[in-house]
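Q: In short: position in the sequence shown from 1, add 7, done, that's the numbering used here.
No lab work stands behind these hints: they were computed from the structure. Quantities reported herein were computed from a predicted structural model and do not represent experimental measurements. Treat each hint with caution, since some may be false.
[Claimed, not checked] Pairs of lysine-lysine residues, derived as DSS-like cross-links and limited to a Cα-Cα distance of at most 30 angstroms, are as follows: (1) Lys186 to Lys164; (2) Lys282 to Lys259; (3) Lys169 to Lys80; (4) Lys68 to Lys290; (5) Lys78 to Lys12; (6) Lys207 to Lys9; (7) Lys142 to Lys328; (8) Lys164 to Lys214; (9) Lys9 to Lys142; (10) Lys149 to Lys104; (11) Lys328 to Lys207; (12) Lys80 to Lys58; (13) Lys149 to Lys9; (14) Lys80 to Lys164; (15) Lys282 to Lys104; (16) Lys210 to Lys186; (17) Lys164 to Lys107; (18) Lys104 to Lys34; (19) Lys290 to Lys262; (20) Lys104 to Lys262; (21) Lys262 to Lys9; (22) Lys73 to Lys282; (23) Lys80 to Lys9; (24) Lys149 to Lys186; (25) Lys290 to Lys169; (26) Lys78 to Lys149; (27) Lys78 to Lys68; (28) Lys142 to Lys169; (29) Lys164 to Lys104; (30) Lys169 to Lys186; (31) Lys68 to Lys9; (32) Lys157 to Lys210; (33) Lys149 to Lys107; (34) Lys169 to Lys104; (35) Lys107 to Lys73; (36) Lys58 to Lys169; (37) Lys149 to Lys207; (38) Lys68 to Lys307.
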Amino acid sequence: MKFLKLNNGSNMPIVGLGLSVFPEDPKTVETSVELALPIGYRMFDTASLYKTEEHLGVTLKANLLKNPNIKRKDLFIVTKLPQIGMRPDLVDRFVTKSLKDLQLDYIDLYLIHWPIGMEFRGENDLFPMLDVTTKECAYDFKTDLEGIWKALEAQVKAGRVKSIGLSNVNETQIERIVKIAEILPANNQIELHAYIQQPKLRKLCEKYDISITAYYPIGGRNRLQYPEEWQKLAPPVPPLLDDPVVTAISKKHDKTPAQVLLRFLTQLNVAVIPKSSNANRLKENFNILNFTLDSDDMDKLRGLDQGESARTCFGMPGCDKHPEYPFPIAGSK
Numbered sequence: 008m009k010f011l012k013l014n015n016g017s018n019m020p021i022v023g024l025g026l027s028v029f030p031e032d033p034k035t036v037e038t039s040v041e042l043a044l045p046i047g048y049r050m051f052d053t054a055s056l057y058k059t060e061e062h063l064g065v066t067l068k069a070n071l072l073k074n075p076n077i078k079r080k081d082l083f084i085v086t087k088l089p090q091i092g093m094r095p096d097l098v099d100r101f102v103t104k105s106l107k108d109l110q111l112d113y114i115d116l117y118l119i120h121w122p123i124g125m126e127f128r129g130e131n132d133l134f135p136m137l138d139v140t141t142k143e144c145a146y147d148f149k150t151d152l153e154g155i156w157k158a159l160e161a162q163v164k165a166g167r168v169k170s171i172g173l174s175n176v177n178e179t180q181i182e183r184i185v186k187i188a189e190i191l192p193a194n195n196q197i198e199l200h201a202y203i204q205q206p207k208l209r210k211l212c213e214k215y216d217i218s219i220t221a222y223y224p225i226g227g228r229n230r231l232q233y234p235e236e237w238q239k240l241a242p243p244v245p246p247l248l249d250d251p252v253v254t255a256i257s258k259k260h261d262k263t264p265a266q267v268l269l270r271f272l273t274q275l276n277v278a279v280i281p282k283s284s285n286a287n288r289l290k291e292n293f294n295i296l297n298f299t300l301d302s303d304d305m306d307k308l309r310g311l312d313q314g315e316s317a318r319t320c321f322g323m324p325g326c327d328k329h330p331e332y333p334f335p336i337a338g339s340k
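Just need the whole structure built from these sequences, with the hints factored in.
A: Here you go:
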């Protein structure tokens, strides 16, 4: 396994398993993790919003007990602060909840999931509604990113979290955090694949030695997978796996299109967290470091970048009204 060296000295596997299973049953995570561990997966990416922390915790505990070859120190567990926890005074509460649900003593990497806060109405009301008809969420328009970051730093100092980072943020928000940070972000998790390559954001992260993890690394979600009320936020981006450039390169190397897309990112020193509960796909997605894309392959894949028009994850209805909304208007370049 190849690792990325984080700016605090920690090693993060460059290939992990994403555990966002929406709209599937969160319990499917248990099957995925059971299949993934023997293959060699050691990084697992979950979040309070996914409702998969408990299922990951149960499965990891069972495997740590029955398999002496799997040790806690070899695992790299990523989870995230939910939008309803985006207040400095709530950070400790949600870290505590994640530790309990995961059945762990510490979290390897804890991220701000979105810079957009929502009203806190209770731990289990993860998407508080302002309008049940439009499905618009109730946002907290006083989100204090800098204050939240300071609260996260306190979790590192307390030993409950090893590394802290960001997700779904823009360049300006990164600069703001870096300006006030005693502990720099170790990672930034973003939508990143051949259709949306975000070179400016990646360059800024490189400047501050902030590692990058790509979610949707083999292409963004089909907008029809979203609830009907959210579909207007996601553009109709064609499947990246079917792109002729990708399929031609996959035939050249006798690899699957998914393996080519994952290798493209890892050769850019980007960590990937593809999702699957299929044993064969889990193996394929993990075994991507045994071949190399040449410079011609890389140039062709770089040429697929469509910029913001290929973004498929925009957040929830009404989020663009929030002052911390991180993205340009849907469909803009």
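Q: Does each hint hold? Answer for all of them.
A: Going down the list of hints, with the structure as the test:
1. Lys186 to Lys164: Satisfied, since the Cα-Cα distance of roughly 19 angstroms is no more than 30 angstroms.
2. Lys282 to Lys259: 25 angstroms, holds
3. Lys169 to Lys80: 12 angstroms, holds
4. Lys68 to Lys290: 22 angstroms, holds
5. Lys78 to Lys12: The given pair, whose Cα atoms are some 20 angstroms apart, holds under the 30 angstroms limit.
6. Lys207 to Lys9: 25 angstroms, holds
7. Lys142 to Lys328: Holds: Lys142 and Lys328 sit about 14 angstroms apart, inside 30 angstroms.
8. Lys164 to Lys214: Distance of about 25 angstroms is within 30 angstroms: holds.
9. Lys9 to Lys142: 42 angstroms, violated
10. Lys149 to Lys104: Holds, because 23 angstroms separates the two Cα atoms, which is no more than 30 angstroms.
11. Lys328 to Lys207: 24 angstroms, holds
12. Lys80 to Lys58: Between Lys80 and Lys58 the Cα gap is close to 24 angstroms, so the pair holds against 30 angstroms.
13. Lys149 to Lys9: Violated: Lys149 and Lys9 sit about 40 angstroms apart, past 30 angstroms.
14. Lys80 to Lys164: 19 angstroms, holds
15. Lys282 to Lys104: 24 angstroms, holds
16. Lys210 to Lys186: It holds: about 17 angstroms lies between the C-alpha atoms, which stays within 30 angstroms.
17. Lys164 to Lys107: Roughly 19 angstroms separates the two Cα atoms, so the pair holds.
18. Lys104 to Lys34: 18 angstroms, holds
19. Lys290 to Lys262: 12 angstroms, holds
20. Lys104 to Lys262: 41 angstroms, violated
21. Lys262 to Lys9: With a Cα-Cα distance of about 19 angstroms, the restraint between Lys262 and Lys9 holds, given a limit of 30 angstroms.
22. Lys73 to Lys282: 25 angstroms, holds
23. Lys80 to Lys9: 16 angstroms, holds
24. Lys149 to Lys186: 20 angstroms, holds
25. Lys290 to Lys169: Cα-Cα ~28 angstroms, so holds.
26. Lys78 to Lys149: 41 angstroms, violated
27. Lys78 to Lys68: 10 angstroms, holds
28. Lys142 to Lys169: 36 angstroms, violated
29. Lys164 to Lys104: 18 angstroms, holds
30. Lys169 to Lys186: 21 angstroms, holds
31. Lys68 to Lys9: 25 angstroms, holds
32. Lys157 to Lys210: 25 angstroms, holds
33. Lys149 to Lys107: This hinted pair holds, its Cα atoms lying about 28 angstroms apart.
34. Lys169 to Lys104: OK: Lys169 and Lys104 at ~16 angstroms, within 30 angstroms.
35. Lys107 to Lys73: It holds: about 21 angstroms lies between the C-alpha atoms, which stays within 30 angstroms.
36. Lys58 to Lys169: 22 angstroms, holds
37. Lys149 to Lys207: This hinted pair holds, its Cα atoms lying about 28 angstroms apart.
38. Lys68 to Lys307: 44 angstroms, violated
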